[in-house]
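Visitor: Take a look at the letters that make up each chain.
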Amino acid sequence: MRFFRQDLHTLTGAYALDALDSARETARFSRHLSRCQSCAAEVRGFREVATAMAFAATTEAPAAMREQVMTAAARTRQLPPEVRTHARPRRTRGSAPWIPWLSGAVATAAIAVAVFFGFSQAHTQDQLNAARAQSHALAAEQARVEAELTQAREHDQALAQILGAPHVTLLSHSTSKGGVAVVVLDAATRKLVVATSGLPALPAGQVYQLWLIGPVKIVSAGLLPAAQAGVTTPVVATGIVKGDKLGLTVEPAGGSKQPTTTPIVALPLPV
Amino acid sequence: MNPNDSDASRFRPATADRRGERDLDDLLVHVARGDQGAFETLYDRMVGPVYGVIRKVLRDPAQSEEVAQEVLLEVWRNAARFDPAMGGAATWVTTIAHRRAIDRIRSTTAAAEREQRTADVSPPHDEVAEAVEASLDRERVRRCLEGLTEVQRESITLAYYGGNSYRQVAELLNVTLGAIKTRIRDGLIRMRDCLGVS
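For the record, the sequence lines run as chains A and B. Quick note: the first sequence, position 268, residue 268 per this note's numbering, numbers continuous. Quick note: the second sequence, position 73, residue 73 per this note's numbering, numbers continuous.
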């Protein structure tokens, strides 16, 4: 669909309320924002209105949540500030619309990866050192992450490439068996990274298998590695075509050529 | 930890209470340095709006709690990426919260439940009525919402609190897409002026 410029401008309101119709439309509008300073300023003002509406909706949260969040935070390494020196081409600071759909997407992806995948894409030695200095309590966790990283270095390059892409989309969905699958999708290169957290452990002789479920055919996207502390390390899948869903099934050890059980999650992939 | 307890010090959106806002920005800076005490304070100040807005959109308490936890952990992890030049901390946090709720609602299986939900979405007037209670935020927002035309008010509440896309809002209100875009924008301009957003 083509928009007239004026038409596009009237989308500031819907955009600020996260009410655009699709990830694609949101991405398109984000690009427009990076070129339209008045639109970006308008969106900022509207976001403040939205903030007021959020405060007006203030509701007392379950008390137990606090402890859970604090415990999780204590175990969770923080991301370092964005390092602009080796940044990929970015919008300049002055004209950049802050708002997350796009500019935050990369950071968001990194969070998902860090939280669910157990490590972050920012893993140069310097950054690890800086992070270590930040908190002694996290040293053990970092040592684990470093070991994991050394092991996964090659794999990780493919990961970093996807996570560093300018327009990644973060998708997550809980599975019908519990737990959650987190996907970072780079629609431009038709690649994704997927990891899971909290899936129930399978009996010996069974594995979780990933699928790209298309309108005409289903292709295996590999097996999920065994979980460590409930989290599976990231798997990269490529060659996504329009209409594909990412599926996850339980299969006999070694995997199957085609799924033999009902997917426990089937996540549409907007490419 | 009741966020309503410290009305005087906590951030009041879209008012002249810039000191409160800056406090929250400062807190986030400390959080970014790994200060867990600062994170606890930030949590206490923000959990109400975060949980509240997610709850508005998702309605289901268990899902809302799950998403709110993810959001607050995201704030912890990502604090160093917060850029005060781009907007206040409260806006940063509530934007993440609203977006995560929307992500959840627009993901697969939620779609089915959503059909149901859209059907029995409360009339926006109820949303306003619900908000009558004490808090100044509620009062101010309620008053400003009431200053809108009916279509503007319904469009904004169905989009923001109802988690509907503008296309869905257009269908619900039986108005053209172009008209909805304009109503939402015009309504937000009036809200912005009414709330005194700079």
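Keep in mind that a hint or two might mislead.
[What the hints assert, rightly or not] Computed Cβ-Cβ distance ranges for the label pairs, DEER-style:
id, chain 1, residue 1, chain 2, residue 2, range
1, A, 222, B, 149, 51 to 57 Å
2, A, 176, B, 61, 19 to 25 Å
3, A, 35, B, 143, 34 to 40 Å
4, A, 241, B, 149, 32 to 38 Å
5, A, 72, B, 61, 42 to 48 Å
6, A, 242, B, 61, 45 to 51 Å
Hints are computed from structural coordinates only; laboratory data are not their basis. In this text, a Cβ means the ideal position worked out from N, Cα and C, and glycines have one as well.
Visitor: If a hint holds in the structure, say so; if it does not, say that too.
Guide: Status of each hint after checking the structure:
no.: 1; hint: A:222 x B:149: 51 to 57 Å; verdict: 54 Å, holds
no.: 2; hint: A:176 x B:61: 19 to 25 Å; verdict: 20 Å, holds
no.: 3; hint: A:35 x B:143: 34 to 40 Å; verdict: 36 Å, holds
no.: 4; hint: A:241 x B:149: 32 to 38 Å; verdict: 45 Å, violated
no.: 5; hint: A:72 x B:61: 42 to 48 Å; verdict: 19 Å, violated
no.: 6; hint: A:242 x B:61: 45 to 51 Å; verdict: 37 Å, violated
Violated hints, listed in ascending order, are 4, 5, 6; each of the other numbered hints is respected by the structure.
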